[in-house]
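Throw the hints in and build the complete structure from the sequences for me.
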Amino acid sequence: MAASLSPSSGPPSVSRTLTHQVFLSFHGVDVRKNLLTHILGEFQRKGITPFIDNKMERGVSIGSELLRAIKHARITIVIFSRNYASSSWCLNELVEVMKCKDELGQKVMTIFHQVKPADVRHHRGDFGKAFKKTCVGKSEEVKRLWRKALSDAANIHGDGVESDKWKSEADMIATIAIDVLGELQTTPSRDFDDYVGLQAHMTSIYSLLCLHTDEVRMIGIWGPSGIGKTTISRVLLNELSLHQFKLTARIGDIKRRHLNRHDVYDAKIELQKEFSDNYFPVGHPS
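Letter by letter, the sequence shown follows residues 1 to 286 in full-length UniProt numbering.
Treat each hint with caution, since some may be false.
To be verified - Capping the alpha-carbon separation at 25 Å, the derived lysine to any residue pairs in SDA-like fashion look like this:
(1) K273 <-> T49
(2) K165 <-> H38
(3) K33 <-> S88
(4) K229 <-> Y206
(5) K116 <-> R82
(6) K33 <-> D164
(7) K71 <-> K99
For the record, the hints were derived by calculation from the structure and aren't laboratory data.
Computed from a predicted model, the values in this text were never measured in an experiment.
In structure tokens:
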């Protein structure tokens with residue numbers, strides 16, 4: 001059995017708004033129609049929200065939108081493939097990823113798809129040949145940054161996940177998803193750092209929930225529209241789902257969309273279906 005994904009370690013994260021859970025760095029031609037599709041499918045089933053740059057126009061430099069996406073992810077997964085180093089875009093992206101690892105303490109995970117970690121680390125083999133072609137005409141500083149990023153990424157806690165060591169790609173991807181979920185459980189979200197006054201509400205609600213008991217609790221948040229009831233519920237779900245429960249769900253506008261219907265039975269069936277379609281697994285599967 002191949003080793004599971006190993007996250008990078010680094011300094012404590014500075015305050016930043018985390019707009020999605022995972023950033024994926026990859027060379028599209030190599031993985032978009034196979035490995036990436038299967039990873040995204042498994043992530044969707046497990047409620048993991050990824051960011052991929054499929055719709056961005058690629059050029060020599062990385063735009064502010066992509067830089068923001070890299071910086072604001074909780075975890076970055078780098079998928080090294082045979083032609084990854086043939087793209088200056090991928091190499092520049094990797095430099096920014098490793099910069100976020102060092103400066104922000106961002107978690108970085110690595111997958112080696114049909115390429116050896118040593119070839120990435122030492123820029124050799126077919127991977128190294130592609131890298132040398134990309135380096136033609138580039139400044140010594142750019143080549144230095146690319147070499148360092150490749151070496152540092154390949155050295156993150158051993159060899160990461162090597163596809164060649166797995167008999168089943170499905171098992172490999174399932175393990176990757178479980179490792180990501182494990183990291184998300186231990187990576188606090190800062191999605192709501194910019195909201196003022198929420199902590200007092202959260203403290204009050206936690207005292208009512210009595211999470212140390214086995215009782216079932218129902219908490220109602222009452223008040224006029226526009227004062228932040230929905231925001232408070234989202235923060236509560238966000239905090240509790242990472243540490244307390246295996247499954248969570250948020251269903252909004254129940255009264256407007258369901259309870260005002262004439263056929264109560266159909267309304268209940270529709271609500272049950274919506275619940276089953278929208279629950280989010282947040283822990284390791286049993």
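Return the numbers of the hints above that this structure violates; sort them in rising order.
none
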